[in-house]
Structure formats: structure tokens, C-alpha cells
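Participant: Chain by chain, the residues:
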Amino acid sequence: MNFPILSVITFLPFVSAVIMLLMPANRKNEIRGVALATATADLLLAGWLYLQYLTGGLTGYQFVETYNWLPALGISLKFGVDGMSAPLVLLTGIVMFTGVLISWGDYDEAHHLSAGIQDRPREFFAFLFLLAGGVFGVFVSLDLFMLFFFYEIAVFPMYLLIAIWGWVKTREYAAMKLTLYLFIGSVVALVGALVMYWTQYQNTGVLSFDMIQMESAGFSASFQYIWFLPVFLGFAVLGGIWPFHNWSPDGHVAAPTAVSMFHAGVLMKLGAFAALRVGVMLLPEGAKQWSWLIMTFAAIAVVYGAYIAFVQTDLKYMIGFSSVSHMGLVMLGVSTLNHNGLVGAGVQMFSHGVMTALFFAITGMIYDRSHTRQIPELGGIAKVMPFATIGFIIGGLVSMGMPGFSGFVAEFPIFMGVWGRQWFVAVIASISIIITAAYIMINIRKVFFSPMPENLQEHHIGDVTVLDKVAIATLCFCMIIIGIFPSVMVPMVERGVENILRLLGGA
Amino acid sequence: MFTPVLFASILPEILILILAVILLCVEPFWKEDQRRNAGWLTSGGLFLILIISLLFGQPGEPTSVFGGMIRFDWLGFFFKILFIFAAAVTALLLMDHEKAGQRGEAYVMLLASLLGMNLMAVSADLIMLYLAIETASIPLYILAGFLLADDRSTEAGFKYLLFGTLASTIMLYGFSLIFGFAGTTNIYQLSQLFASGGISVLLAFSVVALVLIGIGFKIAIVPFQFWAPDVYQGSPTPVAGFLSTASKAAGFAVIVRFFFVAFPDYAPSWTLVLAVLAAVTMTVGNLLALSQTNIKRLLAYSSIAHAGYALIGVVAFSQLGAASVVFYLAAYIATNLLAFGVVMAFSRVTGLEEITDYAGMSRRNPWLALMMLAAFLSLAGMPPFGGFVAKIFVFAAGVQANYTWLVIVGILNSIIGVYYYLNAMKFVYLYRMPNEDEENHPVPLTRPYAIALAVLVIGVILVGTVFAPWFSWSDAAALNLF
Chain A
28 MNFPILSVIT FLPFVSAVIM LLMPANRKNE IRGVALATAT ADLLLAGWLY LQYLTGGLTG
88 YQFVETYNWL PALGISLKFG VDGMSAPLVL LTGIVMFTGV LISWGDYDEA HHLSAGIQDR
148 PREFFAFLFL LAGGVFGVFV SLDLFMLFFF YEIAVFPMYL LIAIWGWVKT REYAAMKLTL
208 YLFIGSVVAL VGALVMYWTQ YQNTGVLSFD MIQMESAGFS ASFQYIWFLP VFLGFAVLGG
268 IWPFHNWSPD GHVAAPTAVS MFHAGVLMKL GAFAALRVGV MLLPEGAKQW SWLIMTFAAI
328 AVVYGAYIAF VQTDLKYMIG FSSVSHMGLV MLGVSTLNHN GLVGAGVQMF SHGVMTALFF
388 AITGMIYDRS HTRQIPELGG IAKVMPFATI GFIIGGLVSM GMPGFSGFVA EFPIFMGVWG
448 RQWFVAVIAS ISIIITAAYI MINIRKVFFS PMPENLQEHH IGDVTVLDKV AIATLCFCMI
508 IIGIFPSVMV PMVERGVENI LRLLGGA
Chain B
2 MFTPVLFASI LPEILILILA VILLCVEPFW KEDQRRNAGW LTSGGLFLIL IISLLFGQPG
62 EPTSVFGGMI RFDWLGFFFK ILFIFAAAVT ALLLMDHEKA GQRGEAYVML LASLLGMNLM
122 AVSADLIMLY LAIETASIPL YILAGFLLAD DRSTEAGFKY LLFGTLASTI MLYGFSLIFG
182 FAGTTNIYQL SQLFASGGIS VLLAFSVVAL VLIGIGFKIA IVPFQFWAPD VYQGSPTPVA
242 GFLSTASKAA GFAVIVRFFF VAFPDYAPSW TLVLAVLAAV TMTVGNLLAL SQTNIKRLLA
302 YSSIAHAGYA LIGVVAFSQL GAASVVFYLA AYIATNLLAF GVVMAFSRVT GLEEITDYAG
362 MSRRNPWLAL MMLAAFLSLA GMPPFGGFVA KIFVFAAGVQ ANYTWLVIVG ILNSIIGVYY
422 YLNAMKFVYL YRMPNEDEEN HPVPLTRPYA IALAVLVIGV ILVGTVFAPW FSWSDAAALN
482 LF
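Protein chains in written order, with the numbering used here: chain A, 28 to 534; chain B, 2 to 483.
Just chain A, with the same shape it has in the complex (with noise of 0.2 Å):
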């Protein structure tokens, strides 16, 4: 038998979390040492992962494994990639490296700079990697028992990392909030689950939980009209989709920066990716039918969000409502169900993920020296952080969708599936290009070259740390790569793509 990596993948992040719950509180700097070893394994794992797949010109699910776990229901362990959800495993590896080394967490007496994680780091890094586990669980199940089984061992610790590290002032609200917005998500998802697998029985007299059984289970059309709206929309919840969309910026705001990573950067992710895999593989007829309502929420979220994003003054707030306008584009290229479109949605969610994440990272690192988020507070950041300047930049870029960026290689193809459905819904939603790039470029101005406010220059400013332009760097690596050598993921995603538009009966 091969090696198991998927299995390897998923359950190192649970293993390490107990590692750390078992070593003593006070060993700060052994405890850090020991989450950064198991993100970097876990990110060559993710990275090797990602090259076979695409060296390999695989197809279809690969790196298989099958564990019956409970024969009786039909529940097994089943891990698999394709096309679509290698890239988003690899995502996580990298939001997860990155998340670790932002959170590192020491303290500089001479610049009055406390950055990442102080309290507790042992209890935040074992939380942390309970919801690394959850997400890479969730990308690589074939099962629907598991895939719901990973799906919420990756909210609950949200609850908690937000509402004991978050911000003050809202985490308490912002934690419970979005707990129940995701948690109402997923089992109103899960009612449609359990039908669904009663339905099979009836059908086919199979008993399985099992994702690619399920996809020949012989759903009627007025079945699948029914229970594609709760199912999608469920999951959706989690993708952010308008109008149920209202927990995700709270919660960015309140969380700590590396959570707001992961929230952002995966998390939201994960809830796209399950509304594709369970709402529109499973039950593509419906998926045909409600496309217009799909895409619809999907439009204004594009544009809602970045209009929203413009009249923000709090950075985080920003990013939080540019990141509802960005999964919006990613729904917008489910919703188109055509090649372009569905293209476009998977190298979003990959190139959004990345892009955020280092938003968040660099906001996170101007909040720790300065103590604000206020725009008109910020000023004269460039002269001061140059490195986390420039990232912000190309995060920038890559935001507003500039060719040479990874944001071009998404968007395009997206803007190209919505043209091909419904012409004046590309035109409405490409308005939101030019608001991003409006409030984008406003901001940069303002928070980073702009004149230093005076009470921001007693602060004595500092650059960040090594470890935090590493993470940079790492991030910063990605989007440029794919934007110059599209060839890197774009096949890839094709071919992930090939699968649902077969399900789709070739529309």
C-alpha cells in the first residue's frame, strides 16, 4: 500500500494539538517550536502533494484511501484529491505555515512591541491546529458523514480562538455570532444530507455515505429542486454568500490576526468548496434550476461588498467586506456552471485565499506597532515597515485583479463564464472592479505614504520581524508565480472541472 498522505495530512494537525495540550504551559518557545514543525510538514506534505498531482497530469480523485469505519451505515473514511481540491489543501498548508510563524509571538521591550500570540500560546496553537485538521478533513473526504464530521470539528474552535485572542471590544458578540450563523449553516446542510442518504436507499438500495455512490443515485428533478436550496445554501453560509454573510466581517474584525488568516484565507473557502461538492455534484438538476437565484446573491455580494469595503475606515473592516466581494466572484463562477466560470471559481479560491491572508497578516502587524486600525489614524507605514509595504502592494494588485497577479488568472476566466450566461450580470458585477481598485489604492496611499500623524510617531514604530517577512514572502510567492506561469494550477483546476461539468451533463 502507498503512502498514506492524505491520512498523514489531515490527522498530523490533531496529533500535534495534543502533543502541545501535554506540554507544559510555561515552555512557550518549545510549544511554538513544535507548532511550526508540524505547519512546515504539514505545508511539504500539502506542496509534494500538489506537484504529483499536477506533474503527474492526474485525473480525477487520486491518492485514494478507503477505511470502513462504520460498514452498518455505510460510513467509511475515504480521502481523495482532484483537481479542485488539491490547490485548496495546499492553500491551507500555506495559511497554516504562515498563520504559526505571524503568531510566533515575542516580546521587543526597546520598541514597545508585542506581537502575535502572549497569552496562553500553548491552549491558541493547540485550538489552531484543531481547525487545521477540521478544514484539511473537509477538502479531502469522499464520504458526506465525514466530510460534516470535519466540517464542524472546524467551527467550533473559532468560538474560542476568537472570543479568548480576539479584539476586546467584540469578540464575545462576534464569536457567538458567527458560531450560530455557521452552525445553523451546516445543519440545516445536514437535514438535506440525511434525506439525501435515505433517498439513495430507496433509489438504489445502497447504504453510503460514500460522495461518488451518491453522484449516481438517481435524485429526481423535484427532489433535487427541493433540497438543493438548503443544502448549497448551507454550506454557503460558511462561503459568505449575500445576504447571510453578516457574521463574517464581525468576525474578522474581533479575531486575532493569524485566526483571521485562517477565516478568511480557508475557512470561507470551505464552505464554497462544500457547497460545490455537495450541492451542485450531487445534485447538479437542481444546481440547473436555481442557477439564477445563485447567481444573483452572487452579483450583489460582489458589488454590495466592495461598496461596503469602500465606506469602511477600519482596515480590518475592509479586508472583512472585500473578502465578502471576492467569495462573491468565487460563487458567481459556480453559479455560471460552464467551464470558464467554474475555472475562474477555483483559482479564486486559491488566489483569495493567499491574497487575504496576507492582508490580514500585514494589518495584523500594523495593529501590534500602532495600536490602530483607523485609516485616518495610519500613515507613513511605507518608510517605516518597507517589506510589509511592498506585500501589501502586491496583495493590492492582485485584489483589483491586475494581469501578472494571480487575482487576473481567476477573475478573467470568471468574468468571461458570466458573460457567456448572462451578459449584464458580468457588466453589473465587473462595477466592483473599479470600486476595489478605487478603495484599494485610496487606502495604500493613506495608511502607507501619507505624512506619519504625530501621536503614531510616539509609538516608535519598528519593522517587522524576520518571521513575519518570511510569511510575506511565502504568501507574496504565490500570487506572482501563478499570475506569470498560469500553467502552474489553472490545468489542474481544469481537469477538477472536466469532472463536475460531467455531472452537469456536459452543459
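Because the hints were derived from the structure by calculation, they are not lab data. Being a predicted model, the structure only gives us computed values, none of them experimental. Where is the CB? At the ideal position from N, CA and C, for every residue including glycine. Incorrect hints may appear among the rest.
Not the full set, but computed from the structure, chain A residues with beta-carbon under 10 Å of chain B [as the list claims (entries may be wrong)]:
1) Phe-41
2) Leu-48
3) Leu-97
4) Gly-161
5) Phe-172
6) Phe-176
7) Leu-187
8) Val-222
9) Trp-225
10) Ala-244
11) Pro-413
Place chain B on chain A using the hints.
Facilitator: Positioned in the frame of chain A, the structure of chain B alone reads:
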């Protein structure tokens, strides 16, 4: 005619009785400060009994023994194992209870009650069933009121006694009517008589309603739940834990056997009644839990709600339904004992029981806080803890039986549950003590607690991750009903 099967069928009970007698004989000779060791004896003895029963007491084909008084099958056996486990853990938790733990009577009462519960799980005859229920209940009345100097405990004991006797009287009336109609007290012969249609549906139904009142009281479903919060709050905490887990599960053992075996033909009507009761129970339990400030009252209302979730499996009236109830109870027993164990460990040191008193607990004892987190997340139905899988099985059974509306009610309720469980955890992890000097107020665990809580937390995680073996046993138990 004493055959090996007869012996095997009551093997655990014989051993429990022997243990109780040993305890009674030995304990008076111990010095005052050694009496706590009765807990080690009880708990160790029960774990030994557990192993012996698993090795030698396994049932084969379901058989009726002792003249049809006892049914020897997997359903009863699995419940017995659960009860013995719960009692063993409760004995450990009781040891360091300041007032109750030093007295041997408490452990003897616990064993006597356990004996009754074991018999409840296997009774195949109404007379046997009634005796078993009383044997299980009377020691619990005493245990609830065990703290004589504490008014609340006395009130709890007295209240439990009054409500309990009333409910069992009504149930006994129901039993006598059943005998009057059917001419037999054997549960396994009732179904034929009721199926033959010799008795009007309305009449049969009112008789069943009388029985349901008695059992509903045991499992604390609405509208028979009024005693639970007061009794849980007043009783010694380990006793409250035992009441809310083993005693409740015993009630479910009876409900499953009684309804599935004796009234399969009336299933469409009684499942509907139970479905309504389940929906009301979940909703009332959860809504009232929202406003609680005392942790024991919170757990009391939450345990009412959990009876409602478990009832979904009964309502489903299928093999999966029965299996999911049994599985649910296994997960619930471990989880709720863990929750009460944490509460006990905390209040033993601090003497406090308000939720606000838990502020800063994660800094006072990180391990205790993690265990509480495991218990509460499991109660809320989050993976990788037992509560998640258990809930999904119950819901799956409900959907299969076309009770989708009930499942939706259950799901809405579990959202409420998430809110108040996390709210309590907020105090543990987020808030701090008034002077932020948690390091000066540690919450040390004594050895019995460390053992009991570790066993429970491992159990909760095992049930939630490696669920195949537990489910196979639950399934084997359920198979005996059809």
C-alpha cells in the same frame, strides 16, 4: 432447576449484591478517616464486576428465564454494562464529597439502586418491572436527601420522594388495568392480546398513558419534569449526575422494551404522541436552560432536553431507531457524568455553583477546563465527541421514519443548546477572577477525580471517533426487539 443460563442471566446482580454485603460488613470496622476507602472498594469492585460480566455473562439467543420474569438478551445486557460503569464512576466522584463520601451507607444505597436499574433493563414482566423500579428509586430518594444539615438537599429528597411515589402509583394503576384486560403480566405475551383487537383502542391508549406518566417521570420529559431542576440542585452533585444519567437511561430501557415489544401494532398512534412529547421536551428544556445561572440547574434543564433528543430514536420505531437510542444513551451517560464530575471537582474546592463563579477557571486548572470543554461540546453535539455522532444517528433514524419535522425541531433546539453551552464556556476561558490572581487559587484534583474524569473524557472521545464497535453493540441490542 438452576441451569448455567439462569446463573449467567443474573450474574452481575449476584456480584453487586455480594459487593454490597461485603461493604456493609467491612465498613463499620473502619476508622472514621478511612471510611472514604469504601469508594475505592465500590468502584474497584464494580469495574471488576464489569469485566467478569463481559467475560462470562454474555447472552446468546434471547431467552426468557425465571418463569418469564427476566429476559436475557443483548438489550438488557448492554444497559446493565452502562449502569455498572456509571455507578463505578459515581462512586469515585462521591469519595471526596465532604459530607456524603465518608459514609458507607451512601455506597450501599448506590449499589442497591444499581441493582434495581439492572433489573429494570431486563424485566419481562410487569410485576418484576414494578419491583425493579421501586428498588432503583427508593435508594435514590435517600441519596438525594443525604445531606441532612442542608435544607436544599432535604427538600430535594422529599420532593423526589413525593413526585416519585405519585408517579409510580399511577403507573401501578396502569399495570393493574393491563392485567385486568389482558389476564397476563408478561410483556412478551401482551402484544398478541392487544393485537387481537379484544380491547378498544381508546381504552388501550388510556392505559398506556398511565404507564407513560410513570416512565416519563423517570426520564424527566415534559410535562413530568418539574422535580428535576430542584432535585439536581439540592442533591449531592455525584448523586445528581447519577440521577441524570443512569436513572434516566434505565427509564429509556423500560420505555424501549415496553413500547416496542408490547404495543408494536399501535405504533402509529403512540409514536405520534411520543413525537409531540419529544418536541415539547426538547424545546422547553432548552429554552429554560437559557436563563439559568446555576450550573447544576443548567445541566438539569439540558438533561431534560437530551431526553427529548433520545426520544426521537424511540419515535422512529425501527431497528436503527432503537440502536440510535442505545448509542445516544451510552454517549450521553459518559458526557453528562463528565459534566457533573467537573462541577463536583470544582465545587469541592471552591464551594461555588454559579456559572459566574467559573470565571478564570481555565487559568486555575487548564486540564479541568479542557475536560469541561469536552463535556459541554459533546452535549452541544460537536465532533470529535460522542454527542455529535449520537445526535446524527438519532436524526438519521428520525428522517428514515419520515419524522423530518421532528428532526428539524431537534436541530433548531441544538442551535439553542450551542448558545448556552458556549456561554458557560465563555466564563471558563474568557473571563477572569475579580482580582486576576488565578494562580493563587488553583483547583487541584484529588486522585479519584483524576481517574474518573480521565476515564470519562477518553470514553467521550472514543465514542465520538471510533464509533463502530459501540454501534455494533447498540445494533445487536436493538435486534433483540424485532
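Participant: Hint by hint, note whether the structure agrees.
Facilitator: Outcome of the hint check:
Proximity of Phe-41 (chain A) to chain B holds as hinted, the smallest CB-CB distance being about 8 Å (cut-off 10 Å). Hint status for Leu-48 (chain A): holds, given a least beta-carbon distance of 7 Å to chain B, under 10 Å. For Leu-97 (chain A), the shortest C-beta to C-beta distance to chain B is roughly 5 Å, which falls under 10 Å, so the interface hint holds. Annotation: Gly-161 (chain A) was flagged as interfacial toward chain B, and the flag holds, the nearest CB pair being 8 Å apart, inside 10 Å.
With a least beta-carbon distance of about 7 Å to chain B, the hint placing Phe-172 (chain A) at the interface is held under the 10 Å criterion. Restraint check, Phe-176 (chain A) versus chain B: the minimum CB separation of about 5 Å is within 10 Å; hint holds. Of the supplied interface hints, the one on Leu-187 (chain A) holds, with its beta-carbon coming within about 6 Å of a beta-carbon of chain B, less than 10 Å. Because the closest C-beta pair between Val-222 (chain A) and chain B is about 6 Å apart, less than 10 Å, the hint holds.
Given hint, Trp-225 (chain A) at the interface with chain B, holds; its Cβ is 5 Å from that chain's nearest Cβ, closer than 10 Å. A cut of 10 Å between beta carbons decides the hint on Ala-244 (chain A): the least distance to chain B is about 15 Å, and the hint is violated. Using the Cβ-Cβ criterion of 10 Å, the hint placing Pro-413 (chain A) at the interface with chain B is not satisfied: the shortest such distance is roughly 37 Å.
The earlier numbered hints that this structure contradicts are 10 and 11.
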